[in-house]
Amino acid sequence: MQILFTFDTKFSQFSDALYLDDDHTFTDVEIESMKQERLANWLAAVNPAIDPTEEV
Amino acid sequence: MANRYWVGGTAAWDGTAGSKWALTSGGAGGQAIPTSADDVFFDASSGAVTCTISTTVANAKSLDCTGFTGTLAGTVQLNLSGSITLSAGMTFSYTGDLNIIGTGTISSAGKTFNGGVGVSGTGITVTLGSALTLGSAGVLFNLFAGSLDLNGFTLTTGQFSSNNVAARSIAFGAQNIVLTDTQVNFTCLQCASADNFTWTGTGGFVRNMVSATFVSFGSSGGGSTTNAPNLSITGGASTLTITNNSWFKNLVFTGSTSTISNASPVNIAGNLTLATGGTYTAVNPAFRGSGTITSNSRSLSAFGINGTGITVICADALTITGALTFTLGTLQLKNGVTSTVGSFVTSGTTQKYLQSTTPGVQATISDPSGTDAATYLTIQDSNATGGAVWSAGIGSINLGNNTGWIFTQAGAFLAMF
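Chains as they are written, first to last, in our numbering: chain W, -8 to 47; chain E, 109 to 525.
Honestly, the hints are just simulated from the structure, not real lab data.
Note that the Cβ used here is the ideal one computed from N, Cα and C, for glycine as well.
Just to be clear, a hint being listed does not mean it is correct.
A short list of chain W residues far from chain E (calculated; beta carbon distances all over 12 Å) [stated by the list, open to error]: (1) Asp12; (2) Asp14; (3) Thr16; (4) Thr18; (5) Val20; (6) Glu23.
Here chain W is said to cover these stretches of chain E; the calculated rule only asks that three of the stretch's residues, wherever they fall, bring their Cβ under 8 Å from a Cβ of chain W [stated by the list, open to error]: (7) 154 to 160; (8) 205 to 219; (9) 285 to 292; (10) 313 to 324; (11) 375 to 386; (12) 478 to 487.
So that you can see chain E by itself, here it is in the shape it has in the complex (with noise of 0.2 Å):
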């Protein structure tokens, strides 16, 4: 392991090492050129020249450009083991994949990387020294194994990648991966393989809707209640597809006019909320943990409640197109409005809750048609009405101040003393 500095003028950084390379600052060239067990360095004795990766794949330990005034420019792959430095007062031009392959920092001093970077290491941690911000145009973000902590600083990026089965993590802090991609059509969110991914902290996904686009998590496999992530839309007004069975813990619109596409369904472990401007016809949420729901007036095609021991409360009326399938957990819907429903269908002889935000006060529930037979059902607070036959069949259970509701079975009312 040695230290390896520029000295080579405008070069090229390639397999001849000439007078390239020097053990110290401005020190005489000759030496090898750098292995994945050298620290390399550019710095203010490098001079204002353009090194250029662009014939053979580039290796070094560490990458450390503080103080050096010239630019890095290339397309050719750089593996890193460790740490890359830019300064603010170079020019960084580099459009070849950076792939880092051991425990590091990146700190981009403000500097935009146009190619892709790469984590790709059993057990490594890539931690961010200050904001990285990676091309739009299609440019990835690929955490194939290892850790990557976000330290406090926001990660920008047009696509992010971890769709394997390697270990991998993300500690988001209180910090937000910004998804950038401004191609049509292109998958930005790319994790439909989320087997032995995890994460940290509060922060999440983010996706500014500029273009046409696809997210997708644990579509394939993987996604749980414990690894489902956060994904904000935050604005703009194209179409978001949410490739089906996808997991997301907080799925949260806000400022979007966008439609959106090919959710059916989509698993929602935490909050669900869609803003005012937005078309969610073609949404099916599941929920598969506590949350609430906020709609603000906006209809889902289809809704559904499946988790043990799970709450779900809406904050406002719930529209739905299609059914209401509820398989487990509690539903309290908001009192004062009335929610309206496409179909009211329960299913297995697990006990569910249906109940009103506010106990004593009933919340109504709406279909215009049709029979809805709930079975296994304990019933509180609640106005069906709208012109189907409500029917709280076998194992339904009456709790008290329901109006609407048919209980077909002998003794199902339970007084609550």
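Excised from the complex, chain W in its bound form (with noise of 0.2 Å):
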């Protein structure tokens, strides 16, 4: 299954999806933090100084 998902930060809108098994166990916020370390590591690309905590 695809699960699609969109961040707007002030440098620009990340739009990424996650691909999972139809199956899967993953809960929730286990779906929220992979969600969220994909956004951490882009953010970590477009600013490298940036504090990966800041509110964007």
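The task is to assemble the complex, starting from two chains supplied on their own in separate frames and drawing on the hints.
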């Protein structure tokens, strides 16, 4: 299954997708953590000086 | 055409087939090394091993790493005629160039590509299956030939190049290509030759100014009002150099305190928005399409309007330290504020139109000294002031509600009845 997600940041919008097995056992919290990890990695690429915890 | 499954343990993807490749998942090895006609799979049965593309160029039709928990490494080019699918559980330390020569999809599973990615096939379309991020230290996405479809996802790359004359296109949709190069004074947008380049959508290129960089689009040819891309500078303080004669549709600075260098001229086919903290005194925008300029109290070195039937609207006061050169089109100055120019110059014998953003309400234009001699200029709702002599000469028309202008041609006034 594909889970689309988008974050609006001050640098640009970031749009990505997670691909999980249809019978996956991840919780919503774990899936949200995956999304946040993708966002943090992207923010580090866009602005290496940014604090990943900074509100964007 | 066949399937090739990696069963070679930790080893090199090279010309020695040995027992590395099987026809089925976890099957018996000994099959020939993949060719550009073969679909290649790394899966759970491949094991937590490392396959390294290290000695000879690797070829495959497609590469599918679904379920793979090992590492794909190496520094040598990989040619794909189709799709590449990475998996979240694998390690992707490969730093070679990925060269895509056939229609396919790139699904990165959040892995960063630290080698370049090239799209090089006449008539092919490469589609993103998820966000794609390339490394920031000079890593290049090169759209050499073919089409790139962002498909709703963000493409992030150190540099982007599409600098040739082959047919190329980008379907942005609403998404952007984010340019992240951290090298100083390299060119993060390399499209000097924009011949046969087209794009669709509302997105464009985005740059946070973490280091000084250059951008170029159509500066050596091929740029036009129909293919000029959007460029947004969303933050940072480093110098941006726009190669002379580049083209952009909407050139938007937000949150950036950068100094913009060497943009003389930069062709604008849409809107120009300056950031309050930036320095634009070397910027000479030449409007070639209709749009709005928002200056935010920033000064420009010069300013041109040169497009048949276009209208350029000033959202606030315009400040030009040099010449405002008016060749074709309509300029609507913001009423209720004073726009300032170093000089006001008209060019050509085609009628041009100077107006206020609010009909019936004057907009003020000021020049502290000299003579501003306009020709073939239709003027309405304009207050010309500041100390200069404002002369509306041959071919000029007074449409009313003007002050400060000297209409030197008898019968220049046309009442609006």
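Hints versus structure:
1. Asp12: Given a closest Cβ separation of 10 Å, the condition is violated.
2. Asp14: Its Cβ never comes within 12 Å of chain E, the nearest being 14 Å, so this holds.
3. Thr16: Holds, since 15 Å exceeds 12 Å.
4. Thr18: Its Cβ never comes within 12 Å of chain E, the nearest being 16 Å, so this holds.
5. Val20: holds, 17 Å
6. Glu23: Label holds. Min Cβ-Cβ 14 Å, cutoff 12 Å.
7. 154 to 160: violated (count 0)
8. 205 to 219: holds (count 3)
9. 285 to 292: holds (count 3)
10. 313 to 324: holds (count 3)
11. 375 to 386: violated (count 0)
12. 478 to 487: Three-residue rule not met by the region 478 to 487 of chain E, so violated; n is 0.
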